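Undergrad: So the sequence shown is numbered by the working numbering: it starts at 39 and just counts up by one.
Quick caveat, the hints were computed from the structure, so don't treat them as lab data.
Watch out, some of these pointers could steer you wrong.
[Unchecked claim] With a straight-line Cα cutoff of 30 Å, these simulated DSS-like cross-link-like pairs (lysine-lysine) come out:
no., residue 1, residue 2
1, K59, K205
2, K92, K167
3, K59, K93
4, K255, K209
5, K255, K167
6, K181, K209
All of these numbers come straight from a predicted model, not from anything done at the bench.
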Amino acid sequence: MELLNIYNNAGQSYGYILYEKSVGKVKSMKIGGYVRDRAHILINSEIIATVDWKKSDQNVIFPQNLLSADMNLGILVENLGRVNFVRFGEREVVNSQFKGLHGDVYLDEQLEENWNIYVLDFSKEFLDKVSDSIAWQEDIPAKRSPALYQAIFTITETPSDTFFSMKGWTKGIVIVNKFNLGRYWNTGPQKTLYVPAPILRVGVNVVYIFEEEHGTKEFLSVNEPDLGDIDPKIKS
């Protein structure tokens, strides 16, 4: 991410990056080196595998029923974060925090190059472009696929602090009035996201949800947080 020729050669600091291209009827893929940090492998926008930083040189076998002569192959990579401190003399740890793909990609053991690369940093500039260009649809994708959702609601009184319940959603980020609330993941333990009152406004409010896998048609504003199960050791 950081080495992309964008933002006056400053690269991409956070968010997601999508590597994509049209390929022939290939059966397998090998990602050389490590993925930094987590990636969904997509065929025609449908997730067929997920890999992460725990293992290098990972192989993915494509499902036979999805193979075609004009497949669209995508690798959606998420930056899960960076270390923000090191012990004295371990500067190389910070310098090794580059994100994205760090090795070559092979399809049926043949090196694949010339990928189309898309920056998904969900900055205000990114959201401005998206809101002006997307033709929104009401239907939820039936397949397991990344998607950007938009919700609009109106507040008639002075806003108060609230929490968004992400029940029914899988994994992604929530943005309210172009303020990034943070990530959610149904693995827990946290089930809600805190929404401070100053982020909300009287009148129209716009929510974007980038869902990596599968979403639903609603999310709830609730009065209390759901932080999930508390470790018994902490309870005692």
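Undergrad: Hint by hint, say whether it matches the structure.
TA: Cross-check of the supplied hints:
1. K59 - K205: Violated, at roughly 34 Å.
2. K92 - K167: violated, 35 Å
3. K59 - K93: Within the cut-off at roughly 24 Å; holds.
4. K255 - K209: At roughly 15 Å apart (the allowed maximum being 30 Å), K209 and K255 satisfy the hint.
5. K255 - K167: Roughly 23 Å separates the two Cα atoms, so the pair holds.
6. K181 - K209: holds, 15 Å
Violated hints for the displayed structure, listed by number in ascending order: 1 and 2.
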